[in-house]
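Asks: Quick note, the sequences are listed as chains D and P, same order.
Number 19 in full-length UniProt numbering belongs to position 19 of the first sequence; there are no gaps in the numbering.
Number 223 in full-length UniProt numbering belongs to position 223 of the second sequence; there are no gaps in the numbering.
If you're looking for bench data, these hints aren't it; they were derived computationally from the structure.
Heads up, none of these hints are tricks.
No copy labels: a pair is met if it fits in one copy or bridges any two.
No more than 25 Å apart at the CA atoms, straight line, and that leaves these computed lysine to aspartate or glutamate pairs for DMTMM-like:
(1) Lys-208 with Glu-148
(2) Lys-167 with Glu-190
(3) Lys-236 with Glu-178
(4) Lys-167 with Glu-178
(5) Lys-283 with Asp-259
(6) Lys-278 with Asp-259
(7) Lys-283 with Asp-225
(8) Lys-66 with Glu-93
(9) Lys-208 with Glu-178
(10) Lys-208 with Asp-121
(11) Lys-128 with Glu-178
(12) Lys-167 with Glu-265
Computed from a prediction, not measured in an experiment: that's the story for all the values here.
2 protein chains.
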Amino acid sequence: MTTTVSYHQQFFLSSYGIKLQQHSHKKKLISFITCCSSTQSNPVVRPELSIRAGTKLIPHPKKAGKGGEDAFFVSSYNGGVIAVADGVSGWAEKDVDPAQFSRELMRRASSLVEDEEVNYDPRVLVRKAHAATASTGSATVIISMLDENGILKVANVGDCGLRVIRKGQIVFSTFPQEHYFDCPYQLSSEAVTQTYLDATVTSVDIVKGDIIVMGSDGLFDNVFDHEIISTIANHKDVVETAKVLGDLAYKHSVDFYYDSPYSIEARTRGFDVPWWKKVLGQKLTGGKMDDITVIVGEVVCS
Amino acid sequence: MTTTVSYHQQFFLSSYGIKLQQHSHKKKLISFITCCSSTQSNPVVRPELSIRAGTKLIPHPKKAGKGGEDAFFVSSYNGGVIAVADGVSGWAEKDVDPAQFSRELMRRASSLVEDEEVNYDPRVLVRKAHAATASTGSATVIISMLDENGILKVANVGDCGLRVIRKGQIVFSTFPQEHYFDCPYQLSSEAVTQTYLDATVTSVDIVKGDIIVMGSDGLFDNVFDHEIISTIANHKDVVETAKVLGDLAYKHSVDFYYDSPYSIEARTRGFDVPWWKKVLGQKLTGGKMDDITVIVGEVVCS
Numbered sequence: 001m002t003t004t005v006s007y008h009q010q011f012f013l014s015s016y017g018i019k020l021q022q023h024s025h026k027k028k029l030i031s032f033i034t035c036c037s038s039t040q041s042n043p044v045v046r047p048e049l050s051i052r053a054g055t056k057l058i059p060h061p062k063k064a065g066k067g068g069e070d071a072f073f074v075s076s077y078n079g080g081v082i083a084v085a086d087g088v089s090g091w092a093e094k095d096v097d098p099a100q101f102s103r104e105l106m107r108r109a110s111s112l113v114e115d116e117e118v119n120y121d122p123r124v125l126v127r128k129a130h131a132a133t134a135s136t137g138s139a140t141v142i143i144s145m146l147d148e149n150g151i152l153k154v155a156n157v158g159d160c161g162l163r164v165i166r167k168g169q170i171v172f173s174t175f176p177q178e179h180y181f182d183c184p185y186q187l188s189s190e191a192v193t194q195t196y197l198d199a200t201v202t203s204v205d206i207v208k209g210d211i212i213v214m215g216s217d218g219l220f221d222n223v224f225d226h227e228i229i230s231t232i233a234n235h236k237d238v239v240e241t242a243k244v245l246g247d248l249a250y251k252h253s254v255d256f257y258y259d260s261p262y263s264i265e266a267r268t269r270g271f272d273v274p275w276w277k278k279v280l281g282q283k284l285t286g287g288k289m290d291d292i293t294v295i296v297g298e299v300v301c302s
Numbered sequence: 001m002t003t004t005v006s007y008h009q010q011f012f013l014s015s016y017g018i019k020l021q022q023h024s025h026k027k028k029l030i031s032f033i034t035c036c037s038s039t040q041s042n043p044v045v046r047p048e049l050s051i052r053a054g055t056k057l058i059p060h061p062k063k064a065g066k067g068g069e070d071a072f073f074v075s076s077y078n079g080g081v082i083a084v085a086d087g088v089s090g091w092a093e094k095d096v097d098p099a100q101f102s103r104e105l106m107r108r109a110s111s112l113v114e115d116e117e118v119n120y121d122p123r124v125l126v127r128k129a130h131a132a133t134a135s136t137g138s139a140t141v142i143i144s145m146l147d148e149n150g151i152l153k154v155a156n157v158g159d160c161g162l163r164v165i166r167k168g169q170i171v172f173s174t175f176p177q178e179h180y181f182d183c184p185y186q187l188s189s190e191a192v193t194q195t196y197l198d199a200t201v202t203s204v205d206i207v208k209g210d211i212i213v214m215g216s217d218g219l220f221d222n223v224f225d226h227e228i229i230s231t232i233a234n235h236k237d238v239v240e241t242a243k244v245l246g247d248l249a250y251k252h253s254v255d256f257y258y259d260s261p262y263s264i265e266a267r268t269r270g271f272d273v274p275w276w277k278k279v280l281g282q283k284l285t286g287g288k289m290d291d292i293t294v295i296v297g298e299v300v301c302s
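Please build the complete structure, drawing on both the sequences and the hints.
Replies: If you want it as structure tokens, here you go:
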């Protein structure tokens, strides 16, 4: 991991034409035998792997003055630890700064990474970091840890996300957890919410060259997976890739007419323009203006 | 696991209306505090878990006489082992029955489940089963194993798939690996193809009540994830759920006008009707007629 960025380091925006014939589908063989060779990498006898990371945080324009409500950290401990927390903005209505909780959660988690009891288990890290917080508020959180065997372990509460891209294809993805639309699972200073026990805990065997993309929902609500894949294909440097993905998410987030992952999801859930607008061919569109955190990690041999 | 079905047991078909306002998106808090309670299940101190499985295999209608080219097995070993293989149909052009390889691969894997060297590692099981085959042919394959800690380990080569659904939401999914459209990664009797080293190896912490849906691409190319979720919500019995999902996949597969996951993917990859049909408002549609294997597993306390 080449960059270690503390939770409070914030980046501001400156910076064949036929109907399908039922019997025509055969899994390809002939061209396959002639074209395709086996992968020679060996994920079993593993080299020591680590993550070279680039980061970008673009606060919601109306929150830019105080740096937004997302927080994150990147640590070089072991193979690498990456974490993102997204403060629940509803707390502002109670005169509580939503950034306090997410930032403290990341600060606590960052300081606990090497705790023996954590033992490379991101769910235990979520538990201990949550227990250590004193701020009022709540946040979604995702923590991923690369262990000595090249296994990336992920604990996720809410709608932050992670993708692993290998040879231009997604091989692993987290899924958002929510109670209903725009109400994600979240860790809170309140007693009656989620705990580390609600974290979805998953893992994936990592190989050299894998690209890990982590972020808050400000990324994944505004940028499609195929855009993430093509951006990765077109940029080699992780710092540059994180910047380009962040800028793309921002561009879409402020575009009223962009048919974003968020607007598609909203329509799927039954939200749309009034019927008389539908008659005129209009539909609910737009990006989701939000804090945007992007972390791009390239898996390299240590 | 209540049913143990050998690889050769085959089932035949008889049997608000506003444009998104950029500043209106706040992660919900107030209703959250009043509505949402924490999950009380404890996935850390785990009960012994196992899988209660229902299965359904519907061969391609033109291959029904010989049972199609999919094969699968369900084993009650440890917490449960489920595997699906899909023979690559292109071998028929070489006068090789594509079913031979997939069936032998499943037979070998089934007999090796308790092999000490496998040690609950589905990738090792893929390696040993592949090495033991003598048939000519190739197949995609997915093997999942539930271990004593409640962790479902998955090794996947190609475009079979697996979903884990928890409380009506997908928490885990595999992703298809392919060289290009309709040419998936595959294990083969030929030397220059994929090996166990190419398997994507992932895992997810399982809790009681999780539903595991596994299948060949004949399921996932014809049935959307949201249809899988709603089907699960509407059926309690896994045998019935597998049947309903299989029948739904079959219904869509033979519908020239259904806009299936397969036809959407085809259009995304640049396949479509000729321009003059597009002018008339037509587009490439249709399900994908294929062998359909569906295995639905409910995670229960042993």
